[in-house]
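Novice: Work out the full structure, taking the sequences as your base and the hints as a guide.
So the sequence shown is residues 1 to 199, counted in full-length UniProt numbering.
The set of hints was computed from the structure by calculation and includes no laboratory data. Just so we're clear, the structure is a prediction, and the values are computed from it rather than from any experiment. Even glycine gets a Cβ: it sits at the ideal position worked out from N, Cα and C. There are no misleading hints in this set.
Now the in silico label distances, taken between C-beta atoms and shown as ranges:
1. E185 with G92: 30 to 40 Å
2. I167 with N198: 20 to 30 Å
3. E185 with V85: 14 to 24 Å
4. G164 with G92: 33 to 43 Å
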Amino acid sequence: MSSVLSLYRFRILRSYLKSAKHAATLFGGGARPTYKQEDFTPPTKQAVTNPVDILKRNDVLAFSAKPVNYIETVSDRGFHLSNQVLIELTEGNITGCMLIGKETFEVDFSNNGVEIDGINVTFDQSIMQVFDKIHPKPEILCIGLGNKSRRLAQSNRDTLSQLGIQIETGQTRTAARLFDLLSTERPGVIGALMLPPNV
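Specialist: Right, dumping it as C-alpha cells:
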C-alpha cells in the first residue's frame, strides 16, 4: 500500500513540474537565465602572456634591497656591477673579479694566477691567501670557473675548508647568478671569485 502511495505522489510531482508555470515559480520565478563563458572564468585566472610578468609575480626577493656588490651583467666583454663598476676583459689577459663584502677587486690571473689543466682549475696560493687575511671571512664563496664545466683543485678546496669557508662552483655565468641570489638573501656573508666568462 505504501509503495502504491509513493508511486502516486511521484506521478503527481512529475506532472506538476512539467508545467512551465509551476517550474518557474518553484525555482525562483521568471525565465531561466542565460550564461556566457566569461561567467565561469574565475577572476584570479587572468591570462598572462608576458614571461617577464610571470617571473616578477613569482620573485620572492623582488622587494629586497640589492647588495652593493651585485653582478648586473656577465658578458663576453666583462662584468658590470650594480655599483657602476665595469671590469673589462682585454685581449690576451685573463681578468676576473673578486667580490668581498662591499669591496670589488679586479684580479689579473694572467701571470700564473691560475692554472687550467683540462677540467681542473688551480688558483695560485697568493690569491687563496687573501681569504686568510680578510675579516670577517665570507661564509660562502661562489667561484666561477670560466665558460666550461670544470672543477676546483683539491688543494684550493682544502685551503678554503681549513678557513671554514663553504664553496659553490660552476661556470662563471651560473656562479654569478648564484652569488646574486645568495648575497640578496644573506648580505655581507657571501663572496665571489670569478674567472672571466671567455676562458
